[in-house]
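K.L.:
Protein sequence lines correspond, in order, to chains S and Y. Mapped onto our numbering, the consecutive letters of the first sequence carry residue numbers 1 to 446. Mapped onto our numbering, the consecutive letters of the second sequence carry residue numbers 1001 to 1481.
Some clues are possibly wrong.
Pairs of lysine-lysine residues, derived as BS3-like cross-links and limited to a Cα-Cα distance of at most 30 Å, are as follows [said to hold, decoys possible]:
#1 Y:K1425 / S:K17
#2 S:K60 / Y:K1043
#3 S:K334 / Y:K1414
#4 S:K334 / Y:K1076
#5 Y:K1280 / S:K60
#6 Y:K1065 / S:K60
#7 S:K334 / Y:K1352
#8 S:K60 / Y:K1352
#9 S:K60 / Y:K1414
#10 S:K256 / Y:K1346
#11 S:K166 / Y:K1414
Hints were generated in silico from the structure; no laboratory data involved.
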Amino acid sequence: MSDTAIRRDAPQGVATKAALGHFDEAFKAQTGAALTELRQQGFDAFAAHGLPSIREEAWKYTDVRAIGKTNFALATSLHSANLDELQLDLDAYRLVFVDGVFDAERSSFDDLPEGVSLGTLSQRSELPQQFGSQLAASAGPFTALNQAFAGEGVYLEVARNVELEKPVYVLFVSSAGDQPWMSHPRVLISLADNASATLVEHFVAEQGAANFTNLVTEGTLAHGARLDHYKLNEASEQDLHVANLKVEQQGDSLFKQHNLTLGGRLVRNDIDTELNGEGGHTEYHGLFFVNGRSHVDNHTVVNHNVARTFSNENYKGILNDRGRGVFNGRVYIKQDAQQVRGYQNNANLLLSDRAEVDTKPELEIYADDVLCSHGASTGQLDEDAVFALRARGIADEHARALLTLAFAGEVLESTAIAAVAQRVERRVAGMLPDRFDLEGLVDISA
Amino acid sequence: MATEEMEKLVEQREYKQGFFTEIESETLAPGLDEEKIKFISEKKGEPEWMLEWRLDAYHQWLTMKEPEWAHVHYPKIDYQAISYYSAPKKKTDGPQSLDEVDPKLLETYEKLGIPLHERAALAGVAVDAVFDSVSVATTFKAQLAEAGVIFCSISEAIRDYPELIQRYLGTVVPKGDNYFAALNAAVFTDGSFVFVPENVACPMELSTYFRINAANTGQFERTLIVCESGATVSYLEGCTAPQRDENQLHAAVVELVALDDAYIKYSTVQNWYPGDENGKGGIYNFVTKRGDCRGDRSRISWTQVETGSAITWKYPSCILTGDDSQGEFYSVAVTTGHQQADTGTKMLHLGKNTRSTIIAKTIAAGKSDQSYRGLVKITPRALGARNYTQCDSLLIGDRCGAHTFPYQEIGNSKATVEHEATTSKIADDQLFYCRSRGMSEEDAVSMIVNGFCKDVFQELPMEFAVEAEALLNVTLEGSVG
């Protein structure tokens, strides 16, 4: 039996030309001598594998060939984009990137408390040590690709016992234009003992944008550290989006992850946590809504490597039109990691007969004194609940809309930032099919 | 409960069916090629089309790769070191009735607790016993014939009912379905054939006992059960093998076909030799079982109690083709020692308002490793489909593993799919409750484990349920006290 927590069934060797997409051309065109070696390592790792194919278990339901078909270019200058409608009204330290290029003018993160260091990777003379510590080039083709184009991103370091009260808000904008752009940002979060922080990664797009974002986020939580992490994805219906997140947790640390996907043509999220200290606590809250022909794939892993660790996961999906959703959750409990509790739940609501959901909640357990459960359910709105509302004089289309909103709302209860919850609620309301009506019931005007 | 004590007990588990019967047998030299397949086919007196079918399967098998996705680990199997045919040597032209069957063979079954005679007579069960590769006796043939039911070995069926075989064989599990199914199609030596004609309820329960006796042989039996419209049958299958140091391969194929309103109930108690306390020896049980609910309102129910085999790789499945058809899977799988099992089911919903129920109970003890792997697929046409899945795992000891890999693919909005799974050990408060009422620890654990499996046991035919319960107790005798 293998002790390796994550198996990415990766055939070794040299990838075919098609599996490299146009990334080899883009790689050769890349300028800047500073990170040559690191980037070359990343590219070599990518070239050995190429884009994953649906023959691999981890990509069984998600075909990423679309990513290889377009010739994406790296943006070298700052594109203008109108942010007024897009960004959240938040009292936060704000960093804005447009197509991967830092927009200093519209960013503001001064007045940082003592012990907090926050900034962009490109402003530093060298990358933090943490780069690649959780997600090295060998972790997967997209992580490797991200490293091949490394250079921009965000670092957040919080010193011992420092609590960062205001959230850090990182806005990634995908702009519209003739040229499709790609960006490979990396977010590095390091919290020392008992430090705490909140970080929001927000992806927005201009109407008609069709870009490729390949994000990598790495986090380390020292003893007693707390991280509240939000990933709010409102990419355009043509945007391609891949994100890898991995966090390592020491004892008594708390990691709350909120993965809210409400946009994108093709979205793949890989979220992994390593619980390496007793008392570590992980929460995953997920919501996704697919419309049109969009495809959202969430792969999550919790590795309980030591005893007395806790995890809880709740993912909800709403699927409409020809949308397709994938959920693959994995709870792994290592031998001798006793007295672990791990819970997992996935519920999906299908609103259309052409939508599809593929779900696979996995448990892999090598210790006996544990309490684990998982559940997955897929179905439609409860007709009894619709009836109960209709009996109280609420029209059918209103009742269905309200119940759908309530279904999504459960995930938002864990959201501590009101602006995020509000945005998600409005977005969900706006995405509902026409036969559902919230007119006069909920204020969905932006 | 003290883990050490339990572990100690685990090691002591005995395989009570591990005897070997000295019987003169005719065994083919190890190895596999076209000649060997021709030999088997000839030995069985098969028609030409059957040989071609086998050779086609063999050629497909040559191009295939052994599957590696299962959560099991074992050294590579040398397919050229296995003997693909072994039969008790016939003294005459073969037994015409039970009285003519080699008394030593009958003794073997006696030891296994299946006295063909008495059991058949008392319980009214018709038994087809397969010893190594050939079917040795089929009881109650006459009585079944009266009802119009055909129950015979598959070799006989190929000779006597070629049109039925040609119509149904390989239609549920095609010969190139997977690596082991292709191997089976090429070399299968016997198995059972059941045909229940229209609107006939089979008057008695049918049963087959499989036993691997000779060393270095593989057993490749093939079972085909066909129920015409409105027919019903309940079929039981049991398996054992002698205790040996080498691993032996068992790659069976079972095909079920249920037409309109037909009902097939298939129960298995699998107790192949699991290997010794160090994980040496034991049967590799790589089996393909699939039922096709071809007709509307048809129903197929799989019940399995898996306690044996060193490695189990088995996914009894249902293809729910007919509207309103129903598939069921009830399973208790117990692993101790170094056993590994990757088992579960597939439910393919194609017809409207199809329903499926999956109840899988997993008990892992000692250093064993167990996985439930299942697929529920609802196609866009399967409006109103319904699935309920429950997988519970019980871990006994801290060196075993229990895993769940349920795949769900849902393609329309009128379907409802539910999955629940839990993993835990026997709760201390449950044990304490029983102990405080004067029960010994052994009895308490046995009762709790039996209660854990109750949902499945109650699906078994009466006498099988008793046997399964006893088998569970024997299997866990060591592990839980």
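K.L.:
Would you check the hint for K1425 (chain Y) and K17 (chain S), treating anything up to 30 Å between C-alpha atoms as holding?
P.N.:
violated (51 Å)
K.L.:
Are the Cα atoms of K60 (chain S) and K1352 (chain Y) separated by 30 Å or less?
P.N.:
Within the cut-off at roughly 26 Å; holds.
K.L.:
K334 (chain S) and K1076 (chain Y): Cα distance at most 30 Å?
P.N.:
Measuring from Cα to Cα gives roughly 27 Å; hence the hint holds.
K.L.:
With a cut-off of 30 Å on the C-alpha distance, tell me whether K60 (chain S) and K1043 (chain Y) pass.
P.N.:
The hint is violated at about 45 Å.
K.L.:
Does the structure keep K334 (chain S) and K1414 (chain Y) at a Cα separation of 30 Å or less?
P.N.:
With a Cα-Cα distance of about 39 Å, the restraint between K334 (chain S) and K1414 (chain Y) is violated, given a limit of 30 Å.
K.L.:
With a cut-off of 30 Å on the C-alpha distance, tell me whether K256 (chain S) and K1346 (chain Y) pass.
P.N.:
Measuring from Cα to Cα gives roughly 35 Å; hence the hint is violated.
K.L.:
Straight-line Cα separation of K1065 (chain Y) and K60 (chain S) no greater than 30 Å?
P.N.:
holds (19 Å)
K.L.:
Are the Cα atoms of K1280 (chain Y) and K60 (chain S) separated by 30 Å or less?
P.N.:
violated (36 Å)
K.L.:
Taken at face value, is the distance from the CA of K1352 (chain Y) to the CA of K334 (chain S) at most 30 Å?
P.N.:
Violated: K334 (chain S) and K1352 (chain Y) sit about 43 Å apart, past 30 Å.
K.L.:
Is K166 (chain S) close enough to K1414 (chain Y), meaning Cα to Cα at most 30 Å?
P.N.:
Violated, because 45 Å separates the two Cα atoms, which is more than 30 Å.
K.L.:
Below or equal to 30 Å on CA atoms is what counts here, so check K60 (chain S) against K1414 (chain Y).
P.N.:
holds (24 Å)
In summary, the numbered hints that this structure violates are 1, 2, 3, 5, 7, 10, 11.
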